[in-house]
Amino acid sequence: MEALYAVTVGMLTACSIYLILRGRSFPIVIGITMLSYAVNLFLFSTGRLVLNQLPIIGNQSEYTDPLPQALVLTAIVIGFAMTAYSIILAVRVRGELGTDEVNEPNQNDGEAQR
Amino acid sequence: MNLAILVMLPFIGAVLPLLVSSRPRWVITLTTATITAISFFLLLFLAPQTLQGLVPTTHVDWLPALGLSFSFRLDGLSLLFAGLILGIGLLIITYAHYYLSEKDDSGRFFACLLLFMGSMLGIVTADNLILLWLFWELTSISSFLLIGYWFHQSNARRGARMALAITGAGGLALLAGILLIGNIAGSYQLDAVFAAADSIREHSLYIPALLLVLLGAFTKSAQFPFQFWLPHAMAAPTPVSAYLHSATMVKAGIFLMARLFPVLGGTPEWFTIVTLTGLATMLFGAYFALFKTDLKGLLAFSTISHLGLITMLLGLGSAGALLAALFHILNHATFKAGLFMIAGIVDHETGSRDLRKLSGLRKFMPYTMVLALITSAAMAGIPLFNGFLSKEMLFVESYQQHLFGGLSWLVPVLATAGAMLSVAYSIRFVHGVFFDKVAENLPKTPHEPPLMMRAPVIILATLCIAVGVAPMLFVSDLLQTAIAVVSPTSIDVAISIWHGFNLALLMSILAIIGGVGIYVYREDLLSFNRQFDHHDAKEVFAKIVKSVTNFCDGLMNRVETGSLQRYIAALLIITVVFVLPELYQINQLTGSREQLPVNAVSLAGAVITILAAIGTAAFHHQRLTSLMMLSVVGLMVSLTFIHFSAPDLALTQLVVEVVSIILMILALFFMPQRIPKASSGGRVARDILLAGFVGGIVGSLNYAFLTRPMNSISDFFLENSVSGGGGTNVVNVILVDFRGFDTLGEITVLAIAAAGIHKLLNNLRPFMPSSDVDGRPWHRVKHPLLVQTVSQAILPLALMVSFYIFLRGHNLPGGGFIAGLITASAMILQYMANGVDWVKHRFNYNYQTLASVGVMIALFTGVGSWFFGHNFLTSWFTHVHWPIVGEFEFATAILFDLGVYLTVIGATLMILANFGQMTTRHRPRQEKH
Chain F
0 MEALYAVTVG MLTACSIYLI LRGRSFPIVI GITMLSYAVN LFLFSTGRLV LNQLPIIGNQ
60 SEYTDPLPQA LVLTAIVIGF AMTAYSIILA VRVRGELGTD EVNEPNQNDG EAQR
Chain A
0 MNLAILVMLP FIGAVLPLLV SSRPRWVITL TTATITAISF FLLLFLAPQT LQGLVPTTHV
60 DWLPALGLSF SFRLDGLSLL FAGLILGIGL LIITYAHYYL SEKDDSGRFF ACLLLFMGSM
120 LGIVTADNLI LLWLFWELTS ISSFLLIGYW FHQSNARRGA RMALAITGAG GLALLAGILL
180 IGNIAGSYQL DAVFAAADSI REHSLYIPAL LLVLLGAFTK SAQFPFQFWL PHAMAAPTPV
240 SAYLHSATMV KAGIFLMARL FPVLGGTPEW FTIVTLTGLA TMLFGAYFAL FKTDLKGLLA
300 FSTISHLGLI TMLLGLGSAG ALLAALFHIL NHATFKAGLF MIAGIVDHET GSRDLRKLSG
360 LRKFMPYTMV LALITSAAMA GIPLFNGFLS KEMLFVESYQ QHLFGGLSWL VPVLATAGAM
420 LSVAYSIRFV HGVFFDKVAE NLPKTPHEPP LMMRAPVIIL ATLCIAVGVA PMLFVSDLLQ
480 TAIAVVSPTS IDVAISIWHG FNLALLMSIL AIIGGVGIYV YREDLLSFNR QFDHHDAKEV
540 FAKIVKSVTN FCDGLMNRVE TGSLQRYIAA LLIITVVFVL PELYQINQLT GSREQLPVNA
600 VSLAGAVITI LAAIGTAAFH HQRLTSLMML SVVGLMVSLT FIHFSAPDLA LTQLVVEVVS
660 IILMILALFF MPQRIPKASS GGRVARDILL AGFVGGIVGS LNYAFLTRPM NSISDFFLEN
720 SVSGGGGTNV VNVILVDFRG FDTLGEITVL AIAAAGIHKL LNNLRPFMPS SDVDGRPWHR
780 VKHPLLVQTV SQAILPLALM VSFYIFLRGH NLPGGGFIAG LITASAMILQ YMANGVDWVK
840 HRFNYNYQTL ASVGVMIALF TGVGSWFFGH NFLTSWFTHV HWPIVGEFEF ATAILFDLGV
900 YLTVIGATLM ILANFGQMTT RHRPRQEKH
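Each protein sequence line maps, in turn, to chains F and A. The first sequence begins at 0 in numbering that gives the first Met the number 0 and counts up one residue at a time. The second sequence begins at 0 in numbering that gives the first Met the number 0 and counts up one residue at a time.
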């Protein structure tokens, strides 16, 4: 199971990195979002993979590690804030510059247009 | 403490000339002179202690952790230099009063001069090497201001820039050297450094430290090959040249070598480098001084030559040589300051300082001529003038050393040659200006300067004679205490005019005869010199600067291409390069921890996740498809959480997923619909390779630690959750209680992000397509009735669920984060189903306020515990009995969670509702204030 988990995290990371390396803002935002999923899974798994041991006191004798869960919970919310911020930034840039390309336009091209 | 006042007074006083700069000139001068005089009297007050062999010190800790302290000492060497700085400083101030023209801003001049004076005093009295360096850099800066005083002249600006570049670069080298020394010695305090002298000299880093320190000293003291800045610094007003380039600034490098001689000196390396540099500089300067047609240029090269002489003496390093060096520092300062002032007087009264135009001025300026004769005689080393004494000491030392083995005889021969040239240019200075036929066509009719302008020169000339005739009377005490600081072996100061007939006297005579000869046949030498191709140092320097700038520009253009993709790729490549070797060092990837078995459901889940992720990446051109794939990934992540015992995470992920996807679909509306294929095949291949590497590394790392046993700190949380936090849901208790401070930070960030988005949307006028890419218009029905009806029915239900989730959060999966997100998504559903107008009409609440109120509640819950004498965010709980509901637990943590709840609602709706309004008439506009 651990290997499967690790492969999944690795694949998510790879796909998100590929998206982040694109030249337009929307795929990059999607990439960032997916990367935050991968990172959350990664951090969550520092508590190791444990089945049926909810961190809720009472019903069982063994509990999974609650600390990574608490950290990841806030990370999910903050990740949402970041996704939101970057997507709005992308919209704003589109509104200001009329393009969604992230690269600085080549200087020579810029002069030719002017 | 007097010592610190002495040093800091010029710094503080530097403001005064600026404050009175609108007053008449004499007020400004008097202010400056008073400040200097006070410092001078403080020095005289402290001097007796120093002369008795005591060392007055002051010490104030500055940054003790960095070994930096604000401490000063006044030993013999400091006293010698401080006396020069303040004494000549006073003369310079008097002189400058008459020298500066009406148009010059004398307030600025004197302020810079005081700044410089303070920096110099700081260098010579600093008891801490870092402090010394600090003042060292201050002299570079203040001399830059002084050299560039006439900033309307381009050569002044260029000269100032060059001086700053060279001495500044040397200063950096010096800092590196000092850091090395301090590191070896374990302290930057001079006494500690002196005590560690032997271990420094034997240390393997001695050579680098020596080279760096010498680089600093040589650049400052214009030693070959860094001498070229000094002639260009002559663009400064003459009082500045007289002060900086005779007595002070250029002597700072000499001072540094003398100061650190007990630590760095006496080794073969020191001897070779310093002596040879000094010798080369002496000859180089003297030779070129002969050909300069500018009076100040001649003096500049002669200064270089004399500085070389002193450096050479310091290099020889015997007690006698060190004494001669110190003595010559004093002598050179007196006669060179005087000569510079004379050059200034000539310039001032004739309007020219070109030796080709000037001649025969003795008729107009007889007194000045006498003064010039005296000071030049001292410079040439004529008996009965002070220069003679130190020069003869040099001769003695030069033939008494045997440091170059069989070639040792070269030193006295070259020293004599240098002295000949020195005599020759001294004659040229006097003879060229004051004798021969009377000059014509001078810009001004020459006449004697005011007496007060001559007075400083008279004092200096008198000193030249006085010291030259009775050296023991005037300077022996001073030199005795100074040499005790510098020389490791003790020596009695015994300077006499007459040594009997010996080799030194012969060398002196040879020098004078040879000098006269050179002057007589100077035309031949001149034509000989013309055969060589001389580069102007200024052009060479400019060329070097230009090529460095061009190189950096080229490099920047190649690195900073403006392509963010390349930056990120570079960042990732570097990460991969650094992480790979680390992974390689792990003996085996699989650890010892027992692994869980794979079941069919998990396998299916993993396959779906991976396929969806690949789909997201592969179909990124079809943005909506890509987004749908992404949401599949998000949902699968949520299922993963619930599978591995994390219900809170699963709930949070689920709701966040919904909200983010809605947000991104909204954003798609504003994004270009047609996406040209941008990436080339090569680029795609590179990116896949890179992404594969990074993913592989992350996966391997993850697998590596997943299969290893762990030791968690969470036992504490599990044990204390119920008894200390009053909740059974440990995750929630950690969030609102144990790590409540973190959570407070998180919600603050969330609120700030929302506020940032709010601002970003302000006044934005995005392009809003009226149809899709193929020209089909949007659907007529914006808000389908079915969705409207269902959503309205769902709202109270959702609110109730969220309230329930909120309340039970402390004991069962739930809590403020999740409840807030549920409420927010229920509200978003209303916006989507019914439109902004509909919602605004019924619920017009300001979400910014909601978010800030949430943060405030959380904050004040934390603050509240102060009133009960507890630490910030300490929680308290009790059990209350509610009718119908029954036993209910109330904890202050729930108030905190309420803050979280409200913040999450406020922030989320601020983001989504504001963004959604972009398409409507409620679009955010520029706020009016």
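Quick caveat, the hints were computed from the structure, so don't treat them as lab data. Heads up, a few of these hints could be off.
According to the in silico footprint, chain A covers these stretches of chain F (three or more CB under 8 Å from chain A) [to be verified]:
hint, region
1, 15-22
2, 38-49
3, 54-62
4, 71-81
Just so it is clear, CB atoms sit at the ideal spot from N, CA and C, and this is done for glycine as well.
To see whether the hints hold, each was checked on the structure:
Coverage of the region 15-22 of chain F by chain A holds [criterion: at least 3 residues with CB-CB distance below 8 Å; count 8]. Coverage of the region 38-49 of chain F by chain A holds [criterion: at least 3 residues with CB-CB distance below 8 Å; count 10]. Residue count for the region 54-62 of chain F with a Cβ under 8 Å from a Cβ of chain A: 5. That meets the three needed, and the coverage hint holds. Counting residues of the region 71-81 of chain F whose beta carbon lies closer than 8 Å to any beta carbon of chain A gives 10, which reaches the threshold of three, so the coverage claim holds.
When each numbered hint is compared with the structure, no violation occurs for any of them.
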